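Turn these sequences into a full structure, and let the hints guide you.
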Amino acid sequence: MVQKQGFYKMELSDPSNGTVEEDGLKTQVVKPAYKRRKWGLCCGVCFVVILALGIVAIALSQTIFKFRDPKIALNNVKVQNVSMNLDLASLSTLLSVSVSADVQVDNPNYYDFRYNNSTMVLAYHGSQVGVVELGGGTIRSRKIVDLPAVITVEALKLVLNGLQDLTSGVASLTLNAVIPGRVNLARIYKRHVTAILNCDIDVFIGNQTLKQNTCKQTIKL
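In our numbering, the protein residues as written are 1394 to 1614.
By construction, these hints were calculated from the structure, which means they are not laboratory data.
Since this is a predicted model, take the numbers as computed values, not measurements.
Estimated spans, in silico, between C-beta atoms of each pair: (1) GLU1526 x ALA1450: 38 to 44 Å; (2) GLU1547 x LEU1481: 18 to 24 Å; (3) SER1534 x ASN1478: 45 to 51 Å; (4) VAL1543 x LYS1609: 21 to 27 Å; (5) LYS1550 x TYR1503: 46 to 52 Å; (6) LEU1479 x LYS1583: 50 to 56 Å; (7) VAL1538 x ILE1451: 29 to 35 Å; (8) ILE1589 x ILE1443: 39 to 45 Å; (9) ARG1430 x TYR1582: 38 to 44 Å.
Beta carbons are placed, not taken as given, at the ideal position from N, Cα and C, and that holds for glycine.
This is the structure we're talking about:
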């Protein structure tokens, strides 16, 4: 008597969840241990990479990408000429003065600073008496540029404080440098900023010299 050998059909019903079907019965297939370790290692590597990228991003935001205010200073401030005379007809004082200075702009950032419509203003007791255009341009990253300027005022009538300054021989003036611009990083990070420097100077009429007193810088964003 010959016994027939039966064949059983085994089908993989769902490869994704690791089950097989044999004669209508489903059996759970357990993944080998090395595959589980491989999956855990992959997750660990991804976590370490993401953590490292986060640390690098924080470090860059506090160093290279961190915005720093531009710095302005007045150098080589000199009096070219100055005179004060009394106009008897109008009972006012006539001021003629020419002041030269180098406006130094320092860009401490790691990206360019573009400025335009910058000016230097000469004021007498709070009233603007002269202005000169400094133009525009680009200051490269971590660079310093000097913007030379000369302001000349001819025979300006001074109604207030003119007689007092004439008798004391000292004219109190203020130089204001205004540098508006913006920083630009790869056309992605842009920030508008205006740097303003106010410097008080005393001009001695007799010997044509000056004394630079205090300077104060302000930043407008």
